[in-house]
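Q: As a plain string of letters, each chain reads:
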Amino acid sequence: MRKTSQLSCLYLWMLLVPLLSINASVTADTLPVDETQYALVDVGVLAIRGYRDSINRWQPTMQWLEQQIPGTYFRLHPMTLDELSDAVATQDLDFVITNPGQSVLLARQYSLSWLATLKSRLNGGQPMQVGSALVVRRDSPIQAFADLKDKRLAIVSPHAFGGYLTLVYAAWKQQIDLPNTVAQLLPTGFPLDNLLYALRDGKADAAVVPVCQLEQMAAEHLLNADNYRIVEDHTPAGLGCKVSTALYPNWSLAKTSRAGQKLAKQVTQALLALPEQSAAATAADSLGWTTAVSQLTIDRMYKDLDMHPLQAPWWQRAMVWLKEHSQWGWSILLLLISLNAYHFWLEYRFNRRGHQLAQAQRKLSENLVLLEHAQRAAVAGELGASLAHELNQPLAAIGNYCHGASVRLQQGQLEKLPQALQQIDAEVGRARAIIQRLRGLLKKQPAAKQQQLLRPLLLDTVELLQFELDKQQIQLQWQLLGREQRQWLEPVAIQQLLVNLLKNAIDALAECPQTDKRIEVLLDYRQPQQVMVQIQDNGPGLSRDACELMQAFTSTKRQGLGLGLVICREIVESHGGKLSMSNADSGGCLVQLSLSLKEQTDG
Amino acid sequence: MVEDKHTVYLVDDDASVLRSLSFMLESYDFQVREFASAEAFIAAEVWQQTGCVILDMRMPGLSGQQLHQLLRQHQSPLAVIYLTGHGDVPLAVDALKQGAVDFFQKPADGAMLAQAVTKAMQSSQANALRLQQLQTYQKLTPREREILKLIAKGYKNQQIADELFIAVRTVEIHRANLMRGMQVDSLAELMLTYAAIANTLAQSDG
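Chains A and B, in that order, are what the protein sequence lines are. For the first sequence, numbering that gives the first Met the number 0 assigns the number 0 to the initial residue and increments by one for each residue that follows. For the second sequence, numbering that gives the first Met the number 0 assigns the number 0 to the initial residue and increments by one for each residue that follows.
Be a bit skeptical, because a hint or two may be false.
Taking lysine to aspartate or glutamate and the DMTMM-like style, the derived pairs with C-alpha atoms no more than 25 Å apart in a straight line are [unchecked claim]:
1. K597/A to D515/A
2. K172/A to E231/A
3. K202/A to D192/A
4. K470/A to D28/B
5. K470/A to E188/B
6. K415/A to E188/B
7. K448/A to D515/A
8. K470/A to D93/B
9. K470/A to E25/B
10. K415/A to D184/B
11. K415/A to E171/B
12. K138/B to D108/B
13. K577/A to E489/A
14. K577/A to E365/A
15. K502/A to D13/B
16. K502/A to E467/A
17. K502/A to E38/B
18. K470/A to E414/A
19. K415/A to E25/B
20. K150/A to D91/A
21. K152/B to E188/B
22. K470/A to E171/B
Think of the hints as simulated: they come from the structure by calculation, not from any bench. The structure displayed is predicted, hence computed values, not measured ones.
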C-alpha cells in the first residue's frame, strides 16, 4: 500500500463532510489548448470522493471562470490531502478549493488568502452549511446534552466533522465530555440513513446526523418526521433544517502566493458573479459564491477539542510516522527489545558479579582475621620465653608459700599462715593478669572497638615485653604530650601493633653491641583530630627501604614471616591513621603513626 | 661472730619471690635476710659472715655471677646457692665450678632447697674454719712455718735443729709458739690442721 493513499484515507475519514451527491452532467474532457495563447491557471481541489467526482463537481466552475476572464485557461487538479499540501508547498498551484476541515490545515501551514466561500443550498444561500442535529424519538426523555448520560448514541464515525465533531464541540461548550458521558458510541458508517434506522429500531437512544439528513429522509418518505425530535435546537433563522450545533463555513477558495493580485481580483469577481441557478453553481451543489467567511470558528473548534490537524494526538502522529517509516519502526522495536534484553542480561551479570564480590570480600576479611591471628600467635610464640619467666615468678612464689605453710603446719606454728594464704591469693592474681594479657593476643576474633585511653594498652604491652627489655638491658622511656583523651580502639589489635613495633626495636637493639640501649615512646595529643605515636630506638636503623618492608613476606629477620608491618599498617589504617618508618637523625629507627580520635565508621 | 650461724641471705629482684622464699625458709628455722639487688647485699657488708647466699642469676644491675665473684675476692665463707628463672645449663655448670653449693630452677622444691641450705650452712662453717686456720698459718713467722713443715715430715726436735743449724732449745721455743699460734694442744691436732691448710695452699698454688 502506498503511503500517500493510506494517509489520505485517514484524513478523509477525519474531515468527512456530508455531501449530497448530485452528479453534474458536465463533461470534464479538457479541450486542446495552445498554451502560448492563454494564461495558464492551476487550481487544486480536494478530491474527497475520487477524481471523477471532483471533476464533475468543479469543471463547470472552471469553465465559468474561463468565460469571465478572457485569455485564461483554468486547469483543474483533483488531489488528495497530501498532494494538495505538497502542491501548495512547491508553488504548483495558483488557487485552492477545499472543505472547511482541510482549509484550516492549509491555512496554518501556508500563506493563503481566502477569497470566496461557497453558498449552501440548504441554508438559504448562507455560506454556513456544516453542522449536526441530535435526533431522538419523540417520546424520548432526552431533552439536553446532559441527558445523554449512559445512553447509546449512534454516529457515522468518530472522525466525521459535520456529522459528529461539531456536536461534541457543542457539548464541550456546556462542559459535557460527550464521548465519555454516553454509555456507548455506535458508529454506523455510510450510508447516513443507517443512523436514523438505528434510532427507529431502538438500537440507539439518540443519533447524530448531519444537518438536513432527517428532513431529506422525510421528504423521500423513508421516515415519518413526526416520530422524531431535535434536541438542543439551535436552528438559525432561515435555515430549512433543524440543527443542534452552530453552523460552520462551507467550501472555500483561496489564492496561493503564486497567483497575482490582479488575477485573484478577477477570479473573485467572477465567482461572486456566478448566478445561483447556473450549471456551475448546481454542479458544485451550491447557490454560487459569496465573500470569504472566517475559518476561525473551525480552527477554534479543533483546538478546543484538541483534535486540530496540526495537533493530532501524539499516538496518531507516531502511527503515521511509523507507517511511513515501517523499517525504522521495526528497527527501533528491535533495538528496544535488544536493549531491554541487554539490560536484563547486564543486571543478571551485575547481580551475579556483585554476589561473587561480596563472597570474595567475606572470604578476604575472614582470611585477614586468620592472618592477624596467625601473626599474633607468632608474636605470642616469640614472647614465649618472656611469658614463661613472667608466669614462673608467681608460680615459684605460690610454691614457696605452700611448702612453707605445710612445714609450719607440721610444727604447729600457725600464726603466720593467714598471711601466707593472702600472699598466695595475690600471686594467683598476678598470674591471672599475665594470662589475661596473653589471652588477648591469642584471641581468634578481634574484639570490637571500645572507647578507651591508649596509655594503659601501651603500659600493658610494655609489661609483656619487660623480660625481653631486661634481658637485653634496654631502657624504655615514655612521654605524654598534651591532654590525653579516650578514643575508639580495638584493644587486641592495638596491643598487637605495639608488640610488633616494640619487638622490632628490641630485636634491632639486641643485635648491636652498644651498652646504652634505649627505646623512647612518645604519645602526642597536641593535634585536634588524632594522637601521634612515635617509637624510636637507638639501634642500627633500617637496612632496607621502608616501603619495601611494609609489603607482605618481606623480612630482614631470618625467621620472620614478613607480616608484622603489613598487619601493623592494616591496624593503623582501620583506626583512621597512617604508619610510616624512617631512619632518625640521631641514628636508629623512627616509627611514626597516627590514630584518629574520631569514631571510624567501618568495623 | 655477730650473726647467728643459720642466716640465709636472699638476693632476688622479684619481691614476691623474695617474700615467699623468706616465708618458707623461716619455717625451717633459718634466719633470713632479704636483698632486692646485688648492690643492696654489697652495702650490707656481710662478707665475713658464715651462712648461705641464695642468688638470682638474672638481676638488673650486678648479676648473680658477678656477686659470686666478689664473694670469692673477699674470701667470704658464705656458701652460694643459685636460683634461676629458666635453666641455663651452661651457666649452671659454670656456677658449680666456681664453687656454688647447689643450683635450683624456679620454682624450686621447698624441701630440697631447705636440704641444700642446711648443706650450705655446713659448707660455710667448714669454709670459715679453713679460712681461720689459713689466717693463723699466715700469721706464723717464716722460721715457724719451716719448723712446722719439718714436724709434719716427722722430724724430731734434734733433727730439726741439725737441719736448720739452730739450737735444740730454740727449736723448742719456736715449737711452743707454733702450738699457741695454731691454737692446738696436741701434735696430732697440729698435724690435722696442717693437712687441711696444706690442701688449701696446694689448691691456691695450683
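Q: Confirm or reject each hint.
A: Status of each hint after checking the structure:
Restraint check for K597/A and D515/A: not satisfied, since their Cα atoms lie roughly 39 Å apart, outside the 25 Å limit. Of the pairs offered as hints, the one joining K172/A and E231/A holds, with about 13 Å between alpha carbons and a cut-off of 25 Å not exceeded. For the hint pairing K202/A with D192/A, the CA-to-CA distance comes to about 14 Å; that is within 25 Å, so the pair holds. The suggested pairing of K470/A with D28/B is violated, with an alpha-carbon distance near 35 Å, which exceeds 25 Å.
The hinted pair formed by K470/A and E188/B fails the criterion: a straight-line CA distance of about 52 Å is larger than 25 Å. A threshold of 25 Å between alpha carbons decides the hint, and for K415/A with E188/B the separation of about 47 Å lies outside it, so the pair is violated. Distance restraint check for K448/A and D515/A: the Cα-Cα separation of roughly 38 Å exceeds the 25 Å cut-off, and the hinted pair is therefore not satisfied. For a cut-off of 25 Å, the pair hint linking K470/A to D93/B stands: about 19 Å separates their Cα positions.
In summary, the hint linking K470/A to E25/B is not supported, as the alpha carbons are separated by about 31 Å, beyond the 25 Å threshold. Our distance criterion of 25 Å between C-alpha atoms is broken by K415/A and D184/B, whose separation comes to about 48 Å. Restraint check for K415/A and E171/B: not satisfied, since their Cα atoms lie roughly 62 Å apart, outside the 25 Å limit. Annotation: proposed proximity of K138/B to D108/B is violated, straight-line Cα distance about 44 Å (limit 25 Å).
For the suggested pair K577/A and E489/A, the alpha carbons sit about 16 Å apart, so the restraint of at most 25 Å is met. Between the alpha carbons of K577/A and E365/A the distance comes to roughly 23 Å, so the proposed pair stays at or under 25 Å and holds. In summary, the hint linking K502/A to D13/B is supported, as the alpha carbons are separated by about 23 Å, within the 25 Å threshold. Distance hint between K502/A and E467/A is fulfilled; the C-alpha atoms sit about 9 Å from each other, no more than 25 Å.
At most 25 Å may separate the alpha-carbon atoms for a hinted pair to count; K502/A and E38/B exceed this at roughly 30 Å. For the hint linking K470/A to E414/A, the alpha-carbon distance of about 39 Å lies beyond 25 Å, and the restraint is violated. This hinted pair checks out: K415/A and E25/B have alpha carbons roughly 11 Å apart, not beyond 25 Å. The suggested pairing of K150/A with D91/A is violated, with an alpha-carbon distance near 49 Å, which exceeds 25 Å.
Of the pairs offered as hints, the one joining K152/B and E188/B holds, with about 15 Å between alpha carbons and a cut-off of 25 Å not exceeded. At roughly 63 Å between alpha-carbon atoms, K470/A and E171/B are farther apart than 25 Å, so this suggested pair is violated.
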